[in-house]
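Letter by letter, the chains look like this.
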Amino acid sequence: MSVLLEIKELTKYFGGLAAVNNLDMTIHEGEIVGLMGPNGAGKTTVFNLITGIHRPSKGHVIFQDREIGGKKPHLVAAYGIGRTFQFAYLFPDFTVLENVVASFHLDPKCGFWEGLLNTRAYQRKEERILDEAMEILRLVGLEREKDILGKNLPHGPQKLLTMARALAIRPKLLLLDEPIGGMHFDEVNRAISAIERIRSQGTTIVLVEHNMRLMRLCERIVVMDFGEKIAEGTYEDVKNHEQVMRAYFGHEYAA
Amino acid sequence: MEIFTQTVVNGIVLSSIYILVALGFALIFSVMQILNFAHGTIYMAGAYVCYYLASSFGLPPWAAILISAVVLALFGVFLERFGFRYLENDFNRTLMFSLVIIVFLQTTADITVGPYVKRVPSVLHGVTTVAGITLSKERLITCVITVCLLLAVTFLIRKTALGRQMLAVAQDGDAASLQGINVHRVAAFALGLSSALAAVAGGLMGSIIMLNTYMGDAMLLRAITLVIIAGIGSLGGLFVSGLIVGFVDAVLPIFIGGSGSAVVAFSFAILILVIRPQGLFGHEI
Amino acid sequence: MSEKQGKMGVKTSKRYVAYAILIAFLLLLPWLSLGGAYFIHVCILIFTYVIATSSLRTIFVSGQASIGHAAFMGIGAYTSALLSTKLGWTPWVTILLGAITAMVVAVLSGYLFSRLRAIYFSMVTAFFGVAFEALMRSGGEFTGGKAGMVALPGMGVIDLPGLGEINFATSKIPYYYLLLFLTLFTLIVLYRIERSRSGMNWMAIAQSPLVASSIGISETKFRILAFAVGCFFGGLAGSVYPHYSSVLSPGSFSLMPSINLVIFLLFGGTRFFAGPVIGVIVLMAIPEVFRSLKQYAPYIVGGIMLLVTFWMPQGLAGLFESAKPWIFKMFGKGANPVRKEFSNGMRK
Numbered sequence: 001m002s003v004l005l006e007i008k009e010l011t012k013y014f015g016g017l018a019a020v021n022n023l024d025m026t027i028h029e030g031e032i033v034g035l036m037g038p039n040g041a042g043k044t045t046v047f048n049l050i051t052g053i054h055r056p057s058k059g060h061v062i063f064q065d066r067e068i069g070g071k072k073p074h075l076v077a078a079y080g081i082g083r084t085f086q087f088a089y090l091f092p093d094f095t096v097l098e099n100v101v102a103s104f105h106l107d108p109k110c111g112f113w114e115g116l117l118n119t120r121a122y123q124r125k126e127e128r129i130l131d132e133a134m135e136i137l138r139l140v141g142l143e144r145e146k147d148i149l150g151k152n153l154p155h156g157p158q159k160l161l162t163m164a165r166a167l168a169i170r171p172k173l174l175l176l177d178e179p180i181g182g183m184h185f186d187e188v189n190r191a192i193s194a195i196e197r198i199r200s201q202g203t204t205i206v207l208v209e210h211n212m213r214l215m216r217l218c219e220r221i222v223v224m225d226f227g228e229k230i231a232e233g234t235y236e237d238v239k240n241h242e243q244v245m246r247a248y249f250g251h252e253y254a255a
Numbered sequence: 001m002e003i004f005t006q007t008v009v010n011g012i013v014l015s016s017i018y019i020l021v022a023l024g025f026a027l028i029f030s031v032m033q034i035l036n037f038a039h040g041t042i043y044m045a046g047a048y049v050c051y052y053l054a055s056s057f058g059l060p061p062w063a064a065i066l067i068s069a070v071v072l073a074l075f076g077v078f079l080e081r082f083g084f085r086y087l088e089n090d091f092n093r094t095l096m097f098s099l100v101i102i103v104f105l106q107t108t109a110d111i112t113v114g115p116y117v118k119r120v121p122s123v124l125h126g127v128t129t130v131a132g133i134t135l136s137k138e139r140l141i142t143c144v145i146t147v148c149l150l151l152a153v154t155f156l157i158r159k160t161a162l163g164r165q166m167l168a169v170a171q172d173g174d175a176a177s178l179q180g181i182n183v184h185r186v187a188a189f190a191l192g193l194s195s196a197l198a199a200v201a202g203g204l205m206g207s208i209i210m211l212n213t214y215m216g217d218a219m220l221l222r223a224i225t226l227v228i229i230a231g232i233g234s235l236g237g238l239f240v241s242g243l244i245v246g247f248v249d250a251v252l253p254i255f256i257g258g259s260g261s262a263v264v265a266f267s268f269a270i271l272i273l274v275i276r277p278q279g280l281f282g283h284e285i
Numbered sequence: 001m002s003e004k005q006g007k008m009g010v011k012t013s014k015r016y017v018a019y020a021i022l023i024a025f026l027l028l029l030p031w032l033s034l035g036g037a038y039f040i041h042v043c044i045l046i047f048t049y050v051i052a053t054s055s056l057r058t059i060f061v062s063g064q065a066s067i068g069h070a071a072f073m074g075i076g077a078y079t080s081a082l083l084s085t086k087l088g089w090t091p092w093v094t095i096l097l098g099a100i101t102a103m104v105v106a107v108l109s110g111y112l113f114s115r116l117r118a119i120y121f122s123m124v125t126a127f128f129g130v131a132f133e134a135l136m137r138s139g140g141e142f143t144g145g146k147a148g149m150v151a152l153p154g155m156g157v158i159d160l161p162g163l164g165e166i167n168f169a170t171s172k173i174p175y176y177y178l179l180l181f182l183t184l185f186t187l188i189v190l191y192r193i194e195r196s197r198s199g200m201n202w203m204a205i206a207q208s209p210l211v212a213s214s215i216g217i218s219e220t221k222f223r224i225l226a227f228a229v230g231c232f233f234g235g236l237a238g239s240v241y242p243h244y245s246s247v248l249s250p251g252s253f254s255l256m257p258s259i260n261l262v263i264f265l266l267f268g269g270t271r272f273f274a275g276p277v278i279g280v281i282v283l284m285a286i287p288e289v290f291r292s293l294k295q296y297a298p299y300i301v302g303g304i305m306l307l308v309t310f311w312m313p314q315g316l317a318g319l320f321e322s323a324k325p326w327i328f329k330m331f332g333k334g335a336n337p338v339r340k341e342f343s344n345g346m347r348k
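Residue numbers (the numbering used here), protein chains in the order written: chain A, 1 to 255; chain B, 1 to 285; chain C, 1 to 348.
Chain A on its own, in the form it takes in the complex:
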């Protein structure tokens, strides 16, 4: 399997605090990797560093042999990295369908003049985008809610929508930040089947989650604490790892 994303000695300081400290991580094509750690471990910061929201203080982020550390977020998206956010950020005044359609911006670049003149080619492009958007909504299970405004969606579907939106850019690498956070049981099932379907289409996934059901899906798990990697391995390896337990439960429970 070829290497898709490589993170070397990645470090990010906020003031005097190292949110991410000397992190090394490799993601191979087609994998589904989990990123775990207690709150504040730096997991979301890693995502932000990859997608260009933060600039690395030190170290490298290399995607498909191209250095992307410090590049602007919209460029990173264009290279093929999609992400969701821990909080369900979306376009509140767009409907569910519009949210996804808007995300097809990168799809063969629709020109300014084409849109202005409403050419045949442009119209056909838009219709195709509509079809593909509906397909994505079916993939995540939101096709029935397509006309609801983003701000009126309940929390679970909102998170599914962020996933749908990230999928619309046809990413090679999908970063999911707590995709089932705050969902109740049925919604979690929907989400998990969606993730499995995405996986089967060949998209590489990195997953940040606390929920063990989701972690079981991962071939490999990386555990962080205080910005550093403290463990890496399969689900079984990590489950009983002493340092991991200490990080989550405190010293008394580790032994």
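What the hints contain is simulated information worked out from the structure, not anything from laboratory work. Hints are supplied without guarantee of correctness; some may be wrong.
Claimed, not checked - Here are the computed lysine-lysine pairs in the DSS-like style, where the Cα-Cα straight-line distance is at most 27 Å:
#	chain 1	residue 1	chain 2	residue 2
1	A	239	A	229
2	A	172	C	221
3	A	58	A	146
4	A	71	C	221
5	C	172	A	125
6	A	146	A	72
7	C	221	A	72
8	A	172	A	146
9	C	172	C	86
10	A	71	A	146
11	A	72	A	8
12	A	125	A	172
Stated by the list, open to error - To list a few chain A residues with every Cβ distance to chain C over 10 Å, as calculated:
#	residue
13	2
14	33
15	122
16	234
The C-beta atom is built at its ideal place from N, Cα and C for all residues, glycine as well.
Got chain A; can you put chains B and C on it based on the hints?
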């Protein structure tokens, strides 16, 4: 030497008046999170009320200024109580409302007073000689009054309970209300205080320059310039930026004329906004 | 679903008929002798303001609240005036050049300004406007200084072989048609852009720049695009009027005129495309209707603005939208591009 001293005095006078008005504007912005474009018109209204009281009722200037300040303070409270309170800090709506206030005040001024320029009688007449240099008592007393007021306001904000409530609301309105602070009441007080300060500035300025119903616009621009240069959230920085702009306005017109110095002052503000949006002293946005 | 389809089908043809009637009405208006030259003059003013306010709305749609739009009108105006008087070029060309200059300045300043968030952007545009006016005031001989410029050339005479000539100098009517044409052109272009992907991207960055960048939309690029398009048409509106009135003064492009434009816009509502049109017409009509009380007209305007501020946060256009759906739906629902396309898609 004489011109030099007079220019310096002018600089101080302008600076202190600008700071007085800008302080009110910044206070409203910090506490209520709104850009009160009507602040300049309130300044103008204060000047005209003062004139009206002095000329129609023959009140001594200091009394006129005082009463004008009270009137405008009450007006400010009224605006908050029946206006801004219901607009929930929506940028568009508060902008519209402040524009409505401008329309009403400006029109009333145009109708009642008319285009004829007036002048507010001086608080103190005549000139005085200090160290062999002739200075108008007018300007000196203006300096004294404004400086005293600024010190008083600073004391109010730092040391009194009400002042600290304002600081609290300025930092985080929701948290402040959770602590039991009546945010609306604090906002009303801030608006009232600011309007009073603007009114005093108007009354004082009115005896130095001629009144006209559009004096508020220029003052508003100066106030915003000061706030931009000093930075959002920095009340102390206003003193520095006030001195800068005040002296620019006092000195430059001698060399490049009024419009020219305006271009300089505004371009400087633009520069600051582009390079360092948080101003010289403000906190990070 | 089918109800929506049905409405769509009826809506489209009804809409076009309504537009056709409206345009026919506007074309015939000058000949209906409703008030002579003064009436034509007011119409010309309205057209100019509609172009200016609609172009301002385009900027607002991308999340940028510009309070210096009048300055860009001024850039267009001064460019056109200077080129036509100093170099003797024909206004037909200089007007276009004026609009282009305004657009170029917008692109350049956009690079500087579009990084700024909300309030700071508004402030810097306000200051830009004020600085521009001060600059023109201090231009001395070159720009006419405080007094502005006079004796600007009109649009001249157009010879139509076989049909006679159109003489702009003898009557206001040719100017009326010129402005009508420009207004329709502007509205159509702005509407199309807004309904296209560019418009959708503008709304995306206005709602959430963070999300937009995560799907590949460059915030800077689109903000500058909106600013450039808006200022092009603003510059256009600004360059035409002085050739009609033959005078130009810096005071027309200062902060208050910019604020007036914002008032027109907010009054009519930014949410719907027709907002500026409604806002301008209503706010211009009031002083005219109450002409005898012209002094007090601002009070009435202010009163209505109060009503709009407190009870109609979506502006006057919002009121129309909710109050008379079946008639006014024909004006189009403005900035919601997918709705129409999506309804088409659903028929499959």
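Now the hints, each set against the structure:
1. 239/A to 229/A: holds, 15 Å
2. 172/A to 221/C: Within the cut-off at roughly 25 Å; holds.
3. 58/A to 146/A: violated, 43 Å
4. 71/A to 221/C: Holds, at roughly 15 Å.
5. 172/C to 125/A: violated, 46 Å
6. 146/A to 72/A: violated, 30 Å
7. 221/C to 72/A: holds, 12 Å
8. 172/A to 146/A: Holds, at roughly 25 Å.
9. 172/C to 86/C: Holds. Residue 172/C to residue 86/C sits at ~25 Å (cutoff 27 Å).
10. 71/A to 146/A: violated, 33 Å
11. 72/A to 8/A: The hint holds at about 19 Å.
12. 125/A to 172/A: holds, 22 Å
13. 2: holds, 24 Å
14. 33: With a cut-off of 10 Å, residue 33/A remains clear of chain C, as the shortest Cβ separation is near 20 Å.
15. 122: violated, 7 Å
16. 234: holds, 30 Å
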